[in-house]
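Q: Using the sequences and the accompanying hints, generate a full structural model.
2 protein chains.
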Amino acid sequence: MTNKNALFDAFKQTKYQVAGHGPRNIQVLKDALENVDGEQESDMYGNGKIIEDFQDKIANYLGKESTVFFPSGTMAQQIALRIWCDDKGIKKVAYHPLCHMEIHEQDGLKKLHHIEPVLLADKDSVIRLEDVVNMESDVACILLELPQREIGGQLPDYQTLERISAYCRNNGIKIHLDGARLFEILPYYQKSAAEVCELFDSVYISIYKGIGGIAGAILAGEKDFTEKSKVWKRRHGGDLISFYPYIVSADYYFDQHADKMNQYYEEAKELAAFFNECGSVSTKPNIPVSNMFHVHFDMAKEDVVPVLLSVYKETGVGLAGNLQETSDKKCYFEISIGNKYSTIPKETLRKVFQMLDEKVK
Amino acid sequence: MTNKNALFDAFKQTKYQVAGHGPRNIQVLKDALENVDGEQESDMYGNGKIIEDFQDKIANYLGKESTVFFPSGTMAQQIALRIWCDDKGIKKVAYHPLCHMEIHEQDGLKKLHHIEPVLLADKDSVIRLEDVVNMESDVACILLELPQREIGGQLPDYQTLERISAYCRNNGIKIHLDGARLFEILPYYQKSAAEVCELFDSVYISIYKGIGGIAGAILAGEKDFTEKSKVWKRRHGGDLISFYPYIVSADYYFDQHADKMNQYYEEAKELAAFFNECGSVSTKPNIPVSNMFHVHFDMAKEDVVPVLLSVYKETGVGLAGNLQETSDKKCYFEISIGNKYSTIPKETLRKVFQMLDEKVK
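Listed in order, the protein sequences are those of chains A and B.
Be aware that the first sequence starts at 1, since it is given in the working numbering, and climbs by one per residue.
Be aware that the second sequence starts at 1, since it is given in the working numbering, and climbs by one per residue.
Here are the simulated EDC-like pairs of lysine to aspartate or glutamate, each with C-alpha atoms no more than 20 Å apart in a straight line:
#1 K30(A) to E34(B)
#2 K49(B) to D9(A)
#3 K111(A) to E116(B)
#4 K110(B) to D107(A)
It should be emphasised that the hints constitute simulated quantities derived from the structure, not laboratory data.
A: Structure representation (structure tokens):
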């Protein structure tokens, strides 16, 4: 009999973890601050060198005219869609059924902005060109999430992206990128961030996924768009007097991790292959297209937990802190590769998957 | 001929400043982190020991059942009023014409929540009992800001507060405290925070006024109320994965400054008296009732700037970094006493006011 948090507790005790950059603890901030001059002045309500320099740096990286730092992607994306809706005078947008706004934001888009979503594509697939072309509603904006996180981080092929973008631009529809994991998809597409962003009128990126910062988001677009977003940021209560704790750490970890996405992508493919060699286990996607994937068990959660517990105990390698149940009473967990994976000795990894294969057969 | 920022630049060069706790720079965060264990885990979307402990500590201090940490007062207060409006089914609230929501938030309350304000009292006065009793509209909630910042930090007498509170409760109107500077008024009222908060159904306090933290706010009330506020916090995009940089510093500076409000209040009265001894200068209020007041000159801004520049240069004491113009072409600045005032040698202060008096006569 294991208690409810047994898996989480055991995971936290493991010496190695396959996912992430390491624990989310205060040392993350301390490390980022260590070589920063204490005399450096705080930003003040969105102004000041510290925030403007970072915004300019990311604008340059994304190839966009202007960017604005936001406390969260939730805030940044609602505001982006609101601006496009107001511009066009239509309070409708289109996005995937498992879009973050649809399932994780307590309906902020509807409750605060009264914007109605049109759901594109089946929830188990990525949005295709025909989903966009066959849409019956007139919408102000289409949001694409790359990769589509809730289905394991799947991606359309690049040509599809280009075609959707061209269709939107030919039809007066704005196209917004949920690029929470934009950095993470560049190795698969073999494109620069600026090349991908060029297909979109507005772009959100997260500071604390692959980049490994503490919190925060960037919204990018033309100056006219970002200036409007600042007004809405104040309305939302997101125009803080000081963002520098997030910005200093965002800048520090951007420099450390932005160039390591290819490594994470290659390691994700390697790790997914290990899982797929085990009986009753499969990954989604089968071959990852970013640093992330989902690990599905063809078994019930209560049968998987003891297996994982024994693997963690025997090998010191943690695979996941919790398991999500699916509608058909099976279970899965999510993996996003960061710095931790490469610290695991290959011999130890082999032992993990040998054990896992034996126990889930 | 002085350039636009000459006063601000000269102020930043001064050795002493009469207001505040010191520069808003990264050292503020470094100091707060110095003795914090790096192994301590981050909060996660509003949960975790680090955020819950701080929320409990402040709940206890305020005598409220529950509190929630918010990124900003703008967000916390809009949400408080929205909850009371939804509860009562009336989208109207009453507040002062110079309420923060009315003049500093880009109309977030109206644009996001569609709540209509009823403006109580003349803009140069605090809200009186008769303003509340004679109100013709049916409102869900009344907001009182203590002290009323935009008029120099004025306060109603305590009996008036008690009467307004009793009236609201007898008439089914919720009463919300904009307590951005709640700590700062306790010495004048000779009350505990809990005694003042008992008069209100919901309370917002700021972390970065007298407390001297980096950013953030607390919303307090009964558990049912604060649980609803968490849902709205997520909708606003304010439910960040990690608030610990703000919380660690809030806790650190709360412990340093919360008990010093009586000192700041006494110093504010002393400093205001110095100003009032100078010709053409007067403070609002004449005798401060908190750590803050406004310094008004019966002179035009362009005539005051050179006076201040010479005082700063001669004495090394900075009085203000900028001057606000009034509708009658005079000018004023705001002072909030913090740790810096007591560092100024008395002899130097005397010289400041001797010079000021001579130059503005």
